[in-house]
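Using the hints, position chain B against chain A.
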Amino acid sequence: MIDIIDLRKRYGNLEVLKGITNTIHEGEKVAIIGPSGSGKSTFLRCLNCLEDPTSGQIIFEGVNIADMKVDINIHRRHIGMVFQQFNLFNNKTVIDNIMLAPLHIKISELRKKKIKNFFIKLRNVFTPDKKPLYEINTTKAQIKEEVRANAMRLLKRIGLEDKANAFPSTLSGGQKQRIAIIRALAMNPKVMLFDEPTSALDPEMVGEVLDLIKQLADEGMTMVIVTHEMGFAREVATRVLFMDEGMIVEENTPEEIFNNPRNPRTKEFLSKVL
Amino acid sequence: MGNFGKKIEVFWKMFYESNGYTKVLTGLQNTMYIATVGLAIGIVIGTIIAIIAVIPKYKRLPRILDRFCKFYVGLFRGTPVVVQLLVFYYVVFPLMGVKMPSVNVCVLVFGLNSGAYVSEIMRSGIMSVDPGQLEAARAVGLSFGVSMMKVVVPQAVKNILPTLGNEFIALIKETSVVSFVGAADLYVAFNYIGTNSYEFMVPYLVMALIYIVLVMAIALLVRIMERSLRKSDRHN
Numbered sequence: 001m002i003d004i005i006d007l008r009k010r011y012g013n014l015e016v017l018k019g020i021t022n023t024i025h026e027g028e029k030v031a032i033i034g035p036s037g038s039g040k041s042t043f044l045r046c047l048n049c050l051e052d053p054t055s056g057q058i059i060f061e062g063v064n065i066a067d068m069k070v071d072i073n074i075h076r077r078h079i080g081m082v083f084q085q086f087n088l089f090n091n092k093t094v095i096d097n098i099m100l101a102p103l104h105i106k107i108s109e110l111r112k113k114k115i116k117n118f119f120i121k122l123r124n125v126f127t128p129d130k131k132p133l134y135e136i137n138t139t140k141a142q143i144k145e146e147v148r149a150n151a152m153r154l155l156k157r158i159g160l161e162d163k164a165n166a167f168p169s170t171l172s173g174g175q176k177q178r179i180a181i182i183r184a185l186a187m188n189p190k191v192m193l194f195d196e197p198t199s200a201l202d203p204e205m206v207g208e209v210l211d212l213i214k215q216l217a218d219e220g221m222t223m224v225i226v227t228h229e230m231g232f233a234r235e236v237a238t239r240v241l242f243m244d245e246g247m248i249v250e251e252n253t254p255e256e257i258f259n260n261p262r263n264p265r266t267k268e269f270l271s272k273v274l
Numbered sequence: 001m002g003n004f005g006k007k008i009e010v011f012w013k014m015f016y017e018s019n020g021y022t023k024v025l026t027g028l029q030n031t032m033y034i035a036t037v038g039l040a041i042g043i044v045i046g047t048i049i050a051i052i053a054v055i056p057k058y059k060r061l062p063r064i065l066d067r068f069c070k071f072y073v074g075l076f077r078g079t080p081v082v083v084q085l086l087v088f089y090y091v092v093f094p095l096m097g098v099k100m101p102s103v104n105v106c107v108l109v110f111g112l113n114s115g116a117y118v119s120e121i122m123r124s125g126i127m128s129v130d131p132g133q134l135e136a137a138r139a140v141g142l143s144f145g146v147s148m149m150k151v152v153v154p155q156a157v158k159n160i161l162p163t164l165g166n167e168f169i170a171l172i173k174e175t176s177v178v179s180f181v182g183a184a185d186l187y188v189a190f191n192y193i194g195t196n197s198y199e200f201m202v203p204y205l206v207m208a209l210i211y212i213v214l215v216m217a218i219a220l221l222v223r224i225m226e227r228s229l230r231k232s233d234r235h236n
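Order-wise, the sequence lines are chains A and B. For the first sequence, our numbering begins at 1 and goes up steadily by one. For the second sequence, our numbering begins at 1 and goes up steadily by one.
Calculated from the structure, these hints are not laboratory results. Incorrect hints may appear among the rest.
Reference excerpt, derived from the structure (chain A facing chain B, CB under 7 Å, subset only) [unchecked claim]: (1) 50; (2) 54; (3) 76; (4) 81; (5) 87; (6) 187; (7) 188.
Just so it is clear, CB atoms sit at the ideal spot from N, CA and C, and this is done for glycine as well.
With the rest of the complex left out, here is chain A (with noise of 0.2 Å):
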C-alpha cells in the first residue's frame, strides 16, 4: 500500500533519516519504536508528506507522493493522521471539527462541477454538437446533512454525541484525542498514521484511546503507530519496526523482537523500557 524507497530526511547539517527502504501492506498493523530523536516521528510525517523528503519516494496507491508536483492534498484524504497533541481546530466545535474536511472538499467538488456544467452549456449555445452536462444528483443541503450524519453516527461510535456542540477547550484530553481520531475516520482513509497518540494524556485517560484504536485495528485498518506503549504495540501490531538514529535497524514480528531482539541496540532500548 505504501512502498517507502530510500527516504531521506536532511535538516540543514543535520540527517534526520538516512534511507529508509520499507513496504506497508493492506491491513497491516505497524508499530515504530526507539528512543526520542531515532526520527520516528519525522518518518511518520514523511509519510504524509508533512514533511516534505530530502530525497527518496513514497508510492502510495502508485504515485510518488514525495514528488512536488503531485496534489498532495488529493492524497492525504486517503491518509489519516493523528497528533500527539490532537490539534483539534479550538475554533470550531466538535461536530464542526469532524465535518470540515469532508463538508469542505464534497462542497468545492460540487462547485467545480457546476462551473463546468456553466462553461459546457455556454458552449453548447454556439457550437451544433451538444456536450453532456456532469450529472448532478445531491444539493449543497443534502450534502450537509450526509456528512452530519456520518459525523453523528461516529460521535456515537465513541459514545461522545452530547458533546456534538461543544468546544474542544472544554473536553478531557482522552475526549480530544478520541474525537481527533474520528475526525481522521470520518474522511474514510486507507491508512491511519498515528503520532505518539496516548503521550500527551494523563495516565488514567490512556486505556480509552488505546481502546478505540484497537477497535480499528481489529476492524482491518491499516495503520502505522509510533508508540512508547509497548505492551500496545505488542498486542496490536502485526510488525514493529525499531528505529535508532534515523536507520530501521531491526524488523519483526512483535514476539520476535520483544522476546527475542537480535541487534544489540534494540536489546538495550527494550532492557531500559520494559
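Chain B only, in chain A's frame:
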C-alpha cells in the same frame, strides 16, 4: 467665561437653525465611511500580505510576492498618511487619468495605508496560533489556503481583535486630515460652522466630544465582540 452661554447660543443657531447639522451629519457619515471601508480594505489587504509572509518559500512566486509585499508595507509605513493622500490625489490618479470623488480617494488611501499596518498585526496573530492547527488541517487534505482561511485566520483574528479595534480607532482619528484633498469630514463641517459664525470655541469643543464618543462606542463594541468570540475558550 461670561459670554460662554452666548457662544453656545450662536453655535446652536448656526447648528440647528441654519442647517449646520446637515453638514455635521454628512461629515460624520464621511468620517465613518472612510474609516470603516478603509479598515475593511485594510483587513483584506493585510490578511493577504500576512498569509504571503507565512507561505513556505520553496517556489519562486511566493518569494517574489513576499518581496513586493515588504516593499509595499515599507512604503506605506514610511510616509505620513497626509502625504499619501496628497500624492494619490494630486500625482498618482491624475497621472493615471483617473477622476474620482475625493471621498473615494480617501477610502482607497486609508485602505492601502491600514493594509500595511494590519498586515503586521495579522502576521503576529497568525504566528500566535499553534502550528499544529495548520498541520491538522493539512493532514485531512485541505489546501494551504483553505486551512488558513477556515482554521488559522479565525483564531488569529480572535487573538488580535483588541489590536484591530485600536487600528480602527486610530483610523477614525486619522481621517481628520482628509480635508487636505477636499473631502468633507467632521472637521470641515465644524470649521464651516465656526467660519460662518466667527465663533470657533464651541464648534471645536463639540467636534472633540463627537470624536471621543465615537471612539468610546467602538471600544465598547470591540469588547462585546471579543467576549462573544471567547466562547470557544470558556471552560464549563
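Legend entry - Hints violated by the structure (numbers, ascending): 2, 7
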